[in-house]
Amino acid sequence: MKISQFIIATEQDDNPNTYLLYNTHTTAFVAMEKEKYNKIFIEKNFKEDCVQQLHKMGFLVDDDFDELAALEELRIKGMSDPVQNVTLLTTTECNARCYYCFENGIKQYPMTKKVADATIQYIKKNYPEPQFAINWFGGEPLMNFEIMKYITEELKKAGYDLIAHITTNGSLLTEEMLEYFQKEYSDLSFQITIDEIGEKYGKIKRYVDIDAKDAYKRVINNVCMLLDHHVTTNVRLNFAASKIERAKEIYIQLKKEFEGHDNSSLYIYFAPLTLDSDNEIISDFHGDMEHPFLQAVKTQFSEGFPLYKPRYDGDMGLIGAFGLMPNAFSCGMTTKNRISIDADGTLYKCHRLSGKKEFACGTVFDGISEDNSIYRIFRNTTIEDEECKKCNLLPICQGGCKSQRILYGNKQKCHRIRQIQKELVNLYYKEISKKM
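Each residue of the sequence shown is one higher than the one before, starting from 1 at the first, in full-length UniProt numbering.
Hints should not be assumed to be uniformly reliable.
Said to hold, decoys possible - Mimicking EDC-like on lysine to aspartate or glutamate, the simulated pairs with C-alpha atoms at most 16 Å apart in a straight line are: (1) 124 x 153; (2) 183 x 154; (3) 413 x 284; (4) 47 x 35; (5) 2 x 48; (6) 113 x 344; (7) 149 x 117; (8) 422 x 14.
It should be emphasised that the hints constitute simulated quantities derived from the structure, not laboratory data.
Could you build all of it, start to finish, from the sequences and the hints given here?
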């Protein structure tokens, strides 16, 4: 018998004589006396009366059990899922000029009818099931609303039942657009980023067609319109680690903006910016203040929004609320059929790579090249990073974001809860203790 590598173990905040153990693979959780913890997990005395129960929970495993191989089997199964879903860029043009946008510097162009027709044919050829999901993206996708309508109508003629998620800055949304989307899609959701309040928001977005003093109110009104129509709306608050105090103020103010509307359709969440400057990497923070992402988690939870929207009820939902839920793969884009279609018809395995032709893996005209090196990186089920193989968080991150590694190397590879995992286990314990 041996100790599982997938354990987060920490002293209980309010009682140092109690140890909390969470298994990141099985989601098993246990609180035990520190003395017993030391005997079993430090001295490796496996004769204690609770050893068999700990074995059933996954904290102890058989000597010949290969935990990494079991995890790879899970990835192989998860990544073979024939997902009916594409990300579709209607344009790389945008009416905003956000300083942090990962598309800064790429060529701007709208999708043409020729590319749209080829995209429709590509979808019909590669996605045979009737239910199909489109993640509309850009640029600002609503700048090419006519192409959105054209593709939607042609796919519906072909027999598809469409689900749509629209990532937009929200400034161009109209009642007519919303009416169209609700009529044409069996399920509809939005993601809208709001990083500041009032005129400061306008100065960050730098819209080319909206005055800075008017931009914030327009977007807030459009979010309220979505909520009033009971449309699932995710409001994303990007933040730099060093600016967490201001980000928390913005978060609380945003929640107040939407009072009186359908908050059951609303989800507001923090998103750490991918920045290379000193002490801005969220998984490698060093400083005197409480970890910025831990502050973000606490703020979200106290305001009624878990870290991840609950996929389950009860205790399993709380596991997700604190970012401790294991996953079958690192990202949905690692599954075979998930693809991002650029506005010029180029295929990428992730929208983060769009516009960077060196990372392309095909076109809607010629299809995917499965021998392509980038495609193979995304489809590789084996964890090759030696540090990852030894990490207790591997069941949660499954090797991390492929695009992050491609674009930034190992500097940005680690999961954002890496430095705060013990604190999150304590928060989880406090919440489930309230139910006891």
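Comparing the hints with the structure gives:
Only pairs whose Cα atoms come within 16 Å are accepted, and residue 124 paired with residue 153 is accepted, the gap being roughly 13 Å. Pair hint residue 183 plus residue 154 holds up; C-alpha atoms about 15 Å apart against a cutoff of 16 Å. Of the supplied pair hints, the one linking residue 413 and residue 284 holds, its CA atoms being roughly 10 Å apart against a limit of 16 Å. In summary, the hint linking residue 47 to residue 35 is supported, as the alpha carbons are separated by about 14 Å, within the 16 Å threshold.
A C-alpha spacing of about 14 Å is found between residue 2 and residue 48, which places the hinted pair at or below 16 Å, so the restraint holds. Distance hint between residue 113 and residue 344 is fulfilled; the C-alpha atoms sit about 10 Å from each other, no more than 16 Å. For a cut-off of 16 Å, the pair hint linking residue 149 to residue 117 stands: about 13 Å separates their Cα positions. Straight-line distance between C-alpha atoms of residue 422 and residue 14 comes to about 13 Å, which keeps the hinted pair within the 16 Å bound.
Going through the hint list in order, the structure satisfies each hint without exception.
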